[in-house]
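Number of protein chains: 2
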Amino acid sequence: MIQNALHQSKQYLKEIVRPGDRVIDATAGNGHDTLFLAKLVGETGQVLAFDIQEQAIASTKKRLQEADVSSWCQVILDSHANLEKYIESPIRAVVFNLGYLPGAEHEVTTESTSTWQAIETALKWLEPGGRIVIVIYHGHVSGKLERQALLNQVSTLPQEEVQVFHSAFLNQKNSPPELLVIEKKSR
Amino acid sequence: MIQNALHQSKQYLKEIVRPGDRVIDATAGNGHDTLFLAKLVGETGQVLAFDIQEQAIASTKKRLQEADVSSWCQVILDSHANLEKYIESPIRAVVFNLGYLPGAEHEVTTESTSTWQAIETALKWLEPGGRIVIVIYHGHVSGKLERQALLNQVSTLPQEEVQVFHSAFLNQKNSPPELLVIEKKSR
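Read top to bottom, the protein sequences are chains A and B.
187 is the number that the working numbering gives the last residue of the first sequence; the numbers go up by one with no jumps.
1187 is the number that the working numbering gives the last residue of the second sequence; the numbers go up by one with no jumps.
Okay, chain A solo, but in the shape it has when bound (with noise of 0.2 Å):
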């Protein structure tokens, strides 16, 4: 079986996350994907996560809690469009998932202008070879709009600075996720 896109987003980290690393879960949700780079930096390391439901916020520490990682990850609540507000140093990786939190009111959605503003600040901060990796779950009617100004935004990036890798799969009924991944080139 090809793997979905929500393996493939971890495999695409494990490739480039190395222990020590700074890194960004910008869409913290029940916090799976922050335990998953905590682990992948290690206790050298530093992980910050955001999101923007409380409820997402004491899943998340829960989660870090439970699994003695919570030392090296900062947990915010707060949206992704002000990581600028957050960031001092390079960074190795930031991972999105857009959508809705699993679980939680379908209302309360990312939406294209603040990934966009996180993108941007994201990209500033990278390092060469660091990577954004994006999941976009577009089963949601806004999600089909985020997922498709978000795809005319990437194709807008130099081809110069970065690499815009994109994968779906094409004959399947209920939108599955779909898989975006920027890198920085190194110079």
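It should be emphasised that the hints constitute simulated quantities derived from the structure, not laboratory data.
Incorrect hints may appear among the rest.
SDA-like cross-link-like pairs, simulated, lysine to any residue; straight-line CA separation at most 25 Å [said to hold, decoys possible]:
| hint | chain 1 | residue 1 | chain 2 | residue 2 |
| --- | --- | --- | --- | --- |
| 1 | A | K173 | B | L1170 |
| 2 | B | K1185 | B | N1152 |
| 3 | B | K1010 | A | I2 |
| 4 | B | K1010 | A | H7 |
| 5 | A | K10 | B | K1014 |
| 6 | A | K14 | B | Q1008 |
| 7 | A | K124 | B | N1171 |
| 8 | A | K10 | B | G1129 |
| 9 | B | K1185 | A | E178 |
Keep in mind the model is a prediction, meaning the values are calculated, not measured.
On the provided structure of chain A, position chain B as indicated by the hints.
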């Protein structure tokens, strides 16, 4: 660096082709993929390679002879549209490079009708877990039409029977090759 479509195509073949398998290079071209497949299946396997240009057949035969793998490879001067005439038992993988033969006349290109016929035949004979791996070169005008026709066609394949995976680089000029992988599901 995220690997380009050509490298990724080899990876998707490598993952599932085993010694002793029967495989097909639907567009032999200069024989690079034929040789790659010949090495994967080994002398207990079998490779059928097709091309409609004598120049391609000659290059492929030469390459296979030089690598001393000819005895388990059959190089056939015919269109992959006629695949049906040559297959008698299940196959593990088929590779296509859609576009024109590098270094040859650009007027001779693959086209969507024969490609689709070949894919339909291949799907009939493909083992569960087997893959059709397609690299789409679409820098030329007819290549863009062929690409779009193919993406539309594969999107209609039944999701109960096959996975259809597509990947592309979104922000590059000069239409870099795209990748399409069709995997037959296990029952």
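Margin query: When the structure is checked against the list of hints, which entries are broken? Sort them ascending.
Written below: Nothing - there is no hint that the structure violates, so all of them hold.
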